[in-house]
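Number of protein chains: 2
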Amino acid sequence: MTLKVGNCLEELKTLDDSIADVIYLDPPFFTQKEHQLKTRDNLKEFKFVDKWTSLEEYLNFMDQVIKESNRILKKTGSVFLHCDKSASHHLRILLDKSFGSENFRSEIVWCYKRWSNSKKGLLNSHQTIYFYSKSQDFKFNMFYDSYSPTTNVDQILQERMRAKNGKTQYKRDKNGEIVNIKDKKGVPLSDVWFIPYLNPKAHERSGYPTQKPILLLERIIQLTTNEGDLVLDPFCGSGTTIVTAKMMNRQFIGIDISPDSISLTKQRLKNLVKTKSNLLERGEGDYINKNKKEFSILDSIDAIPVQRNSGIDGFLKAKYLGELIPIKIQREDETIQEALNKLLKSGKSKKYEYMILIRTNHNQQSFHDSFECENDHVLIMNSYDLFIEDWVKLNKLSVSTSFSLQKEQDAISTN
Amino acid sequence: MTLKVGNCLEELKTLDDSIADVIYLDPPFFTQKEHQLKTRDNLKEFKFVDKWTSLEEYLNFMDQVIKESNRILKKTGSVFLHCDKSASHHLRILLDKSFGSENFRSEIVWCYKRWSNSKKGLLNSHQTIYFYSKSQDFKFNMFYDSYSPTTNVDQILQERMRAKNGKTQYKRDKNGEIVNIKDKKGVPLSDVWFIPYLNPKAHERSGYPTQKPILLLERIIQLTTNEGDLVLDPFCGSGTTIVTAKMMNRQFIGIDISPDSISLTKQRLKNLVKTKSNLLERGEGDYINKNKKEFSILDSIDAIPVQRNSGIDGFLKAKYLGELIPIKIQREDETIQEALNKLLKSGKSKKYEYMILIRTNHNQQSFHDSFECENDHVLIMNSYDLFIEDWVKLNKLSVSTSFSLQKEQDAISTN
DNA sequence: TCCAGAGATGAATCCACCC
DNA sequence: GGGGTGGATTCATCTCTGG
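Sequence order for the protein chains is U and B.
So the first sequence is numbered by my numbering: it starts at 622 and just counts up by one.
So the second sequence is numbered by my numbering: it starts at 622 and just counts up by one.
No lab work stands behind these hints, which were simulated from the structure alone.
Some hints could be false.
All copies of an identical chain are treated as equivalent in the list; a pair is satisfied when it fits inside any one copy or across any two copies.
Heads up, simulated DSSO-like pairs for lysine-lysine below, C-alpha to C-alpha not over 30 angstroms straight-line [to be verified]:
(1) LYS688 <-> LYS740
(2) LYS867 <-> LYS972
(3) LYS718 <-> LYS672
(4) LYS695 <-> LYS740
(5) LYS625 <-> LYS969
(6) LYS971 <-> LYS1014
(7) LYS940 <-> LYS740
(8) LYS654 <-> LYS672
(9) LYS760 <-> LYS740
(10) LYS665 <-> LYS734
(11) LYS688 <-> LYS741
(12) LYS734 <-> LYS659
(13) LYS914 <-> LYS867
Generate the whole structure from the sequences, applying the supplied hints.
Structure, rendered in structure tokens:
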């Protein structure tokens, strides 16, 4: 339970051998920039400098940090080195050297969605965490994820066996019945972690730049330590590791060269704040207000779908009439009039002149009733399905059905 | 359009300087294993050996491959090196050396869900693709994704500006009204690609181990080349790169040391030509884009696409009137009359009573002309796009007052 | 040639407002 | 007043321009 202000290397050298269960290293990434940020109340500015005279200088420093970390770890302990594309390959070579490539455990990818920029090329949206253990005999608490919704339920619930030809098949008992699996824990945790980036508006934000989310550290600490174990963070920064360790009843040592950083950490310890991520808790699906049908309509007219507004479902990609044109698709529980009103309201407050409404049903109206909108800046068109439905209804009145099974099968087999 | 059996390095040396637009390198990953797999019919076994006397031997080989690749690339060209945790860090150092670290573009993470062996530790479920360009002046086709469901519409719609204090806020015009954004493309493609490992279509599987999904190669080729450009794959394997290049109308060179591999590639190419011949022979532009529109129309009316003959493109999944209903989508080069005739002919020979024709353009007709079909067993409906197109044209004609010339010209130029 | 500053950007939270 | 909707805000990236 220690927090120290001081040069990371010197402080590490004062620590005993084989005492730490996990060390989380979150050093400067070799971005060659100065990082700064203000607190939410704008009163205080935190910064740190990540500028080096050369890659060699940086790597020399990091090599020593890694060597010391190895010394301080218990035989069953692990290290997590957080970095990004800037120097990850060089750092891993240092890790191989100090820990041995046989103690490489995982390359963890932390990925997230974040604001975009106008870069030519791909949008960078992940960082890398190298996971090495001090020995083969490392402490590891297995962690299981829930099955993905797309997983075939049969595969979860049925036992499998190997047939004579070496292929796997579902097991049957002597009566030919399928055999259900008794105990399935879920899917072992993947090495790709989707954890939302700490939002600029989140309460969890302390004002320290490059702050990591508590959720990330929770996972690392959970995987490699038990209660009472010792967590060491030599690049303490905003103190996320320390705060998380405290919340999880682990012991901790935090080191940082900046007094500001250590006092911030102390402050956060006194007042433990963890943002609950709505996104993670509710899932992405909770934000989506469209079903597959509506998406596919938008797709087929080359529109960009948007969420979080009941009046607008998307925009035409093409810039007809020199403007973006918003689109709404009538919902099953809306009358066409209600749908139109919502669209007009959204369109008006956003000053849109031209809009498109797609009618998908005749809710509370006979299909004979026509619907006219006096505003000719709104295009109202029937969905294909509605067209077909009406046509079928019209024909049904006059036609009796003839139907051959053979015909149907022919048609399907051409697929 | 060449396929060569031979040692990768020797064959590369026979190629001229500066000819390739993209090179996809999918070498052995230094797994120190022999990989083998049988075809689906169990008749043939493919294998390759990824065993080396030392890391140095492997890296020496790869260094030469990378140097040759650099030489063969055009100045605007790019290389994608596919690898995994086994040697990725060493390989990236070689890339830095040959291409220069300033030409590092992205570390692409290909991640997927995978069935688990529950070893101690995290489940490995990603591979890495390093993307380097030969120069800063590299060819790159931007590619956009949908917005996140949590993004609110105002973000997307309203222009913003920087206030005096440096903070961003929504822009207002001199009347205090919000200013709309004119053009939105979506979110730039991320460097984390989730693409299923085993492709949904199992018959894509050739029996070759470590086969890569077509979707992955499609994306790489799309990002960095245009039609007619040259794609080179020195580790051809099952030939996915070559097959994809062919489908996308790119030129290609494939090299592999194994005659089995090259003959498999040839077979896949022939098969592709056989099944897709209708589309490829028409030779009208990008096969993939062309079909997206038609597929998405069929998808949005819940229809099953069928092998395309000129008369029928799909069938409604729902059996209205107890009958299957065939659908045709008017081609760009057909008049609506021609399209109807083809549909009627196909429908008649197969004795379909009811049919649907979707009109996508006014080929050789003014949009004022209406087209009536006396056969009321055929439903003719306009595509959404056609509706919108007509609406735009109408507005251009009738709305003269509230319509500025600039707007009109924009509309024309987007057409 | 290099640096400073302005501009653009969207995810996800907070929060004001409205029934 | 509370549940839901949608508007406002902030961050760290990259590009571009001018001195």
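query = For the identical chains here, do LYS654 and LYS672 meet the 30 angstroms Cα criterion within one copy, between copies, both, or neither?
reply = So LYS654 and LYS672 pass the 30 angstroms test inside one copy only (6 angstroms; across, 42 angstroms).
ask   = Under a CA distance limit of 30 angstroms, which applies to LYS940 and LYS740: within one copy, between copies, both, or neither?
value = within (23 angstroms within a copy, 50 angstroms between copies)
ask   = For the identical chains here, do LYS760 and LYS740 meet the 30 angstroms Cα criterion within one copy, between copies, both, or neither?
value = between (42 angstroms within a copy, 13 angstroms between copies)
Identical-chain pair category, LYS665 with LYS734, by Cα at 30 angstroms = Classified as within: same-chain Cα gap 28 angstroms, cross-chain 44 angstroms, threshold 30 angstroms.
key: Homomeric proximity label, LYS734 with LYS659: Cα distance no greater than 30 angstroms   = Within one copy only: 22 angstroms inside a chain, 39 angstroms across chains, cut-off 30 angstroms.
query = Between the shortest in-copy and the shortest cross-copy C-alpha distance, which are at most 30 angstroms for LYS867 and LYS972: within, between, both, or neither?
reply = Neither. Shortest intra-copy (37 angstroms) and inter-copy (47 angstroms) distances fail the 30 angstroms Cα cut-off.
Same-copy or cross-copy closeness of LYS971 to LYS1014 [CA-CA at most 30 angstroms] = between (39 angstroms within a copy, 24 angstroms between copies)
key: Same-copy or cross-copy closeness of LYS914 to LYS867 [CA-CA at most 30 angstroms]   = within (20 angstroms within a copy, 33 angstroms between copies)
inquiry  = My question is about LYS688 and LYS741: at a cut-off of 30 angstroms on alpha-carbon distance, are they close within one copy, between copies, both, or neither?
reply    = between (39 angstroms within a copy, 25 angstroms between copies)
query = For the identical chains here, do LYS688 and LYS740 meet the 30 angstroms Cα criterion within one copy, between copies, both, or neither?
reply = between (37 angstroms within a copy, 27 angstroms between copies)
query = Using 30 angstroms as the alpha-carbon threshold, which applies to LYS718 and LYS672: within, between, both, or neither?
reply = Both. Shortest intra-copy (25 angstroms) and inter-copy (22 angstroms) distances satisfy the 30 angstroms Cα cut-off.
ask   = Is the C-alpha distance from LYS695 to LYS740 at most 30 angstroms within one copy, between copies, in both cases, or in neither?
value = between (44 angstroms within a copy, 22 angstroms between copies)
In this structure, the hints that do not hold are numbers 2 and 5, in rising order.
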